[in-house]
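Asks: Chains as they are written, first to last, in this note's numbering: chain A, 5 to 316; chain B, 5 to 316; chain C, -17 to 216; chain D, -17 to 216.
There could be a bad hint or two in this list.
[Said to hold, decoys possible] For lysine-lysine, the following BS3-like pairs were computed, each having C-alpha atoms within a straight-line distance of at most 25 Å:
{"no.": "1", "chain 1": "B", "residue 1": "K43", "chain 2": "B", "residue 2": "K90"}
{"no.": "2", "chain 1": "A", "residue 1": "K301", "chain 2": "B", "residue 2": "K43"}
{"no.": "3", "chain 1": "B", "residue 1": "K188", "chain 2": "A", "residue 2": "K188"}
Quick caveat, the hints were computed from the structure, so don't treat them as lab data.
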Amino acid sequence: MGLDLSVQIGKIKLKNPVLVASGTFGHAKEFENFFDLKKLGGIVTKTITIKPRLGNPPPRIVETPAGMLNAIGLQNPGVEKFIEEKLPYFRKLGVPIIVSVMGYSVDEFVQVVQTLDRADGIDGYELNLSCPNVPYSSKTEALSLVKMFAHDDRMIEEVVSAVRQVTDKTLIAKLGPDVSDVPKMALAAEKAGADAVSLINTFIAMVIDVKTRKPVLANKTGGLSGPCIRPIAVRMVWETAKRIKIPVIGMGGIMNAEHALEFLIAGATAVQVGTANFMNPEASSQVLSGIEDFMKKEKLSSMKEIIRSVKS
Amino acid sequence: MGLDLSVQIGKIKLKNPVLVASGTFGHAKEFENFFDLKKLGGIVTKTITIKPRLGNPPPRIVETPAGMLNAIGLQNPGVEKFIEEKLPYFRKLGVPIIVSVMGYSVDEFVQVVQTLDRADGIDGYELNLSCPNVPYSSKTEALSLVKMFAHDDRMIEEVVSAVRQVTDKTLIAKLGPDVSDVPKMALAAEKAGADAVSLINTFIAMVIDVKTRKPVLANKTGGLSGPCIRPIAVRMVWETAKRIKIPVIGMGGIMNAEHALEFLIAGATAVQVGTANFMNPEASSQVLSGIEDFMKKEKLSSMKEIIRSVKS
Amino acid sequence: GQFVQILCSGDSLDPLLPRPFSFLEATTTDFSLLYHVVGQGTQLMGKFKKGDKVHVLGPLGRGFTHSGLRAQQLLLVGGGVGIPPLYHLARTLVKADVAIKKNIHIFLGARHKSLLLCEKNFKKLGVSLYLSTDDGSKGKKGYVTSLLTAHLKKDHTKARVFSCGPTPMLKAVSLVASEFGVPNEVSVEVPMACGFGACLGCALKVKGDTPGSHRFAIACTEGPVFEGSKILWD
Amino acid sequence: GQFVQILCSGDSLDPLLPRPFSFLEATTTDFSLLYHVVGQGTQLMGKFKKGDKVHVLGPLGRGFTHSGLRAQQLLLVGGGVGIPPLYHLARTLVKADVAIKKNIHIFLGARHKSLLLCEKNFKKLGVSLYLSTDDGSKGKKGYVTSLLTAHLKKDHTKARVFSCGPTPMLKAVSLVASEFGVPNEVSVEVPMACGFGACLGCALKVKGDTPGSHRFAIACTEGPVFEGSKILWD
Ligand SMILES: Cc1cc2nc3c(=O)[nH]c(=O)nc-3n(C[C@H](O)[C@H](O)[C@H](O)COP(=O)(O)OP(=O)(O)OC[C@H]3O[C@@H](n4cnc5c(N)ncnc54)[C@H](O)[C@@H]3O)c2cc1C
Ligand SMILES: Cc1cc2nc3c(=O)[nH]c(=O)nc-3n(C[C@H](O)[C@H](O)[C@H](O)COP(=O)(O)OP(=O)(O)OC[C@H]3O[C@@H](n4cnc5c(N)ncnc54)[C@H](O)[C@@H]3O)c2cc1C
Ligand SMILES: Cc1cc2nc3c(=O)[nH]c(=O)nc-3n(C[C@H](O)[C@H](O)[C@H](O)COP(=O)(O)O)c2cc1C
Ligand SMILES: Cc1cc2nc3c(=O)[nH]c(=O)nc-3n(C[C@H](O)[C@H](O)[C@H](O)COP(=O)(O)O)c2cc1C
Ligand code: FES
Ligand code: FES
């Protein structure tokens, strides 16, 4: 009997629950010699903005204990060039393509999605509500002091609702971890019509060079990712999955199948592999085969038997 | 010329900025054979509650990448027995003793501090507002759903004000990291009369055993500490020190002098060494001598030249 | 028995925590230990080279009773990595002339004969040895507790049991000992962070001061050796 | 030059990221490299034993120009750990008969003579060698750029400069080369995470498409070798 690893995220049927995380998989082409990209459950692209972005000056990365900080600054060619130059390659791969998008205002979010919606070969959007490296602004006066969409449930609702109105495609709200109440943010996204939430983006963090007394990153702060954050991410997925009805896509420090299974058992319907791609370009494919091995060993036939199966 | 490492926290003049963190230094006696405890800038005791607490059932700890989870459950002999059995030893050491206290209600906080205030040999209190492992309740109806004091600025204000009214001793509010806006919480503590804030307590986190599909800790979740959280802690100290006037005591993953200096440069007036005590019982003493070496090498004579000296 | 904490990873922070290991042999100047490679820490230990400097903390904890044993019949029951500390105990008792060889009986159990540690050491020491393996590959097939039961049935006068090994074994041994009304000490294996009483992470559920009550003992300082009858097994 | 990414810590997650190292020698079946122990990763590499399995990814990046060099005068300027890739370049050019030995001039600089890597290798290769040390312990006292300037002053016809080393040296070499209107390629050393274009962490500020503009090049895939004149030095 065959294993059925498929899971449903909005309108997208993923043939397996292993995706790669935004900003950690180049434009996919960089990985084509390492494994057959068709194996992937799906690909989330680097975050795309309406205009091209040069990104932050270097240094952009610094290593930390079992993790790393990044402040790439959303370097991307802008939505037009993305469609022209990058999308054709993605389209050819034959796996679900989820484009990560960000705007500096609700309008910009809407515009990026509208522009992408006119192109072929996109299966859904992940709204990057939590990128910590760029200043935000909102139309709504009272909220304009909030630095990040992901830090305020009302702003999350505003963005998701607005985008929901302009696309029928699968809409995923990606939330940041630097909040008191992740489930509350997820509920706001659900209420506004998101098909799923992605948890978690990076933690805002900082490393200071004691010799120069300067932050190591040119941007001062950066986003912390990697195995170091996994126990927090698992907790957030666990407490969120209990509270919302739409699926949770879990990530944060997944290095191998066991870690992915931790997220799935905690309540995630799918997972994304991020930082691990840098150390081991085959990480995502190994996560997938590891999940298959687990299912065979435990005599499981479908993902239902794993997702949210945590005992208490 | 001698080095002056002294710093002021409320009414306490610490002869150096290196303290040991609550819950990571036993009852101090466990360390007496490792180094001369008199060297320490100060000692923060394990959190004391009004009644004795047995603590959580095992397993209480689990290792994570560059960190660990703990769910000790505030095992402590209760305030009376603490005064009778543990305080005499602390008193003898001749270093500032800061007693960490926690209550399940504002009243309990007040009662513990009142009881301790009648005993000799205590220099100040650290209010543990953020222990993630025990359920809380508040007198104020509307707030009774909030799980943790540290997650709500109004509750922080309430507790700190109430305790402020019953003691003249130095009062430190220890805040948790699982919030959207740490400076806001610190401002609430400052407004309510705290002499300093301690940043940060552990992150609520979880590890699941994939084989048994159960959380590894009996308490399900635990607090994440150790080097893995340091970059987040440094960022929180940095952004908080800019916003409040009272001193910040920084901690989170300090393993050596360089890490302590990171916190001091970011804006901390003093630091606490926590998890490192478990791997290396001399860690705090080595942090201190490393700071001295740094000052000599950089020809500095006082802590003023280090604290909040971060360049941008 | 008493143990040391070893930082297996040197300067690396992964794995972060030290690992506890019992003494196999120990003098005032040096010691040896015996370990199974089960995970990351012990794997790294396997890479230690002669001349490497390693961060070791110890001796830690409270070992087995070492005195007043002269006239007693000492039954040492060990399994898995619980065997080395029992060899340490037997050796120490014999060397210090606290016990007489012929009064010491060693019961060892393992899944397979390859896991029966220290067999040769015990033989050299000249104490009597009773072996069992789960698969019958050596000694009696089955659990070591049946060897112990058989022995106690024959003679349990002035017997005292000392055991170390996996928790299910300790529990079973403890039950057998109490059936025969024989005092028994067990050395428990619980997860530890510091190993010297600083973290309170190594809780063990034991009987409280009042009947029916319980408390959590700190295994690294109160133990790792406990009176078997005090422990509240799951 | 081209490089490999090495996971220094094996299964341990600290340090987490791989470390980039250039080739010293390389064939289609094996390679060697030369490194300075500067931190945790290189310390761990120092513990590698013969027979150990190590996770290596490569060859990565774009190396120095390898063709159209026959009639040129090739000036290779290296410092610190930038020297091995220049030896690799010189050796490859000579072996593949792309350049003639006597046209290749090597300029090496270091703080102290003990840091002048590959001196013997270059000598064996039979190319002309010019040495300098900051402290005068070997060769000319001072920076390697003064040797280069002196050489270019004498003769800069058909000269091409290739350099690798610390950023301040690359910048200085690049300035000298442009003064003489000589093409120059530099191999930059920037912090990297992945090394193959996946993270965009290895930004290098270079001239943009329109005059006065800039953009951030991805050093691991566009480089690490860049035309010196394209780089916007700090
Ligand atoms: C007081 C005390 C004394 C000890 N003395 C010895 C000794 O003398 N010799 C010795 O080999 N070990 C001894 N142990 C056990 C030893 O500490 C562990 O085997 C070790 O910590 C495992 O570290 P690791 O990093 O290799 O494995 P980890 O990565 O920590 O664990 C790997 C896997 O093995 C499992 N595991 C952990 N510990 C054990 C165990 N004891 N048995 C079976 N599976 C385990 C874990 O659950 C995990 O699945 C002692 C333990 C205690 C508390
Ligand atoms: C494309 C490329 C090719 C390289 N080729 C080589 C090579 O062939 N041989 C070689 O030895 N190195 C080479 N390097 C440099 C090498 O990658 C670093 O020395 C290495 O990553 C340091 O790792 P670590 O963990 O030991 O030190 P870390 O812990 O990362 O750093 C320790 C300390 O050294 C400093 N440091 C880091 N890198 C350097 C450096 N390059 N020089 C001086 N100080 C440094 C850090 O700022 C830090 O203070 C190359 C780098 C790049 C980008
Ligand atoms: C270098 C780098 C770049 C990233 N860029 C983006 C991005 O553009 N958009 C986004 O939503 N998340 C981005 N992320 C966050 C990841 O998608 C992921 O949420 C996070 O890294 C946690 O997962 P991990 O620990 O497996 O990496 C980036 C992460 C890294 C390390
Ligand atoms: C085992 C353990 C027990 C702790 N107990 C307490 C406690 O009782 N009260 C408290 O305020 N913080 C407690 N903490 C948190 C520490 O004081 C500190 O805030 C945290 O561990 C971060 O610092 P570190 O990374 O240096 O350990 C505990 C931490 C650990 C690891
Ligand atoms: S292991 Fe820390 S108190 Fe026992
Ligand atoms: S190092 Fe990752 S893109 Fe260059």
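Asks: Output the indices of the hints that this structure fails to meet, ascending.
Replies: As far as the earlier hints go, only 2 is violated by this structure.
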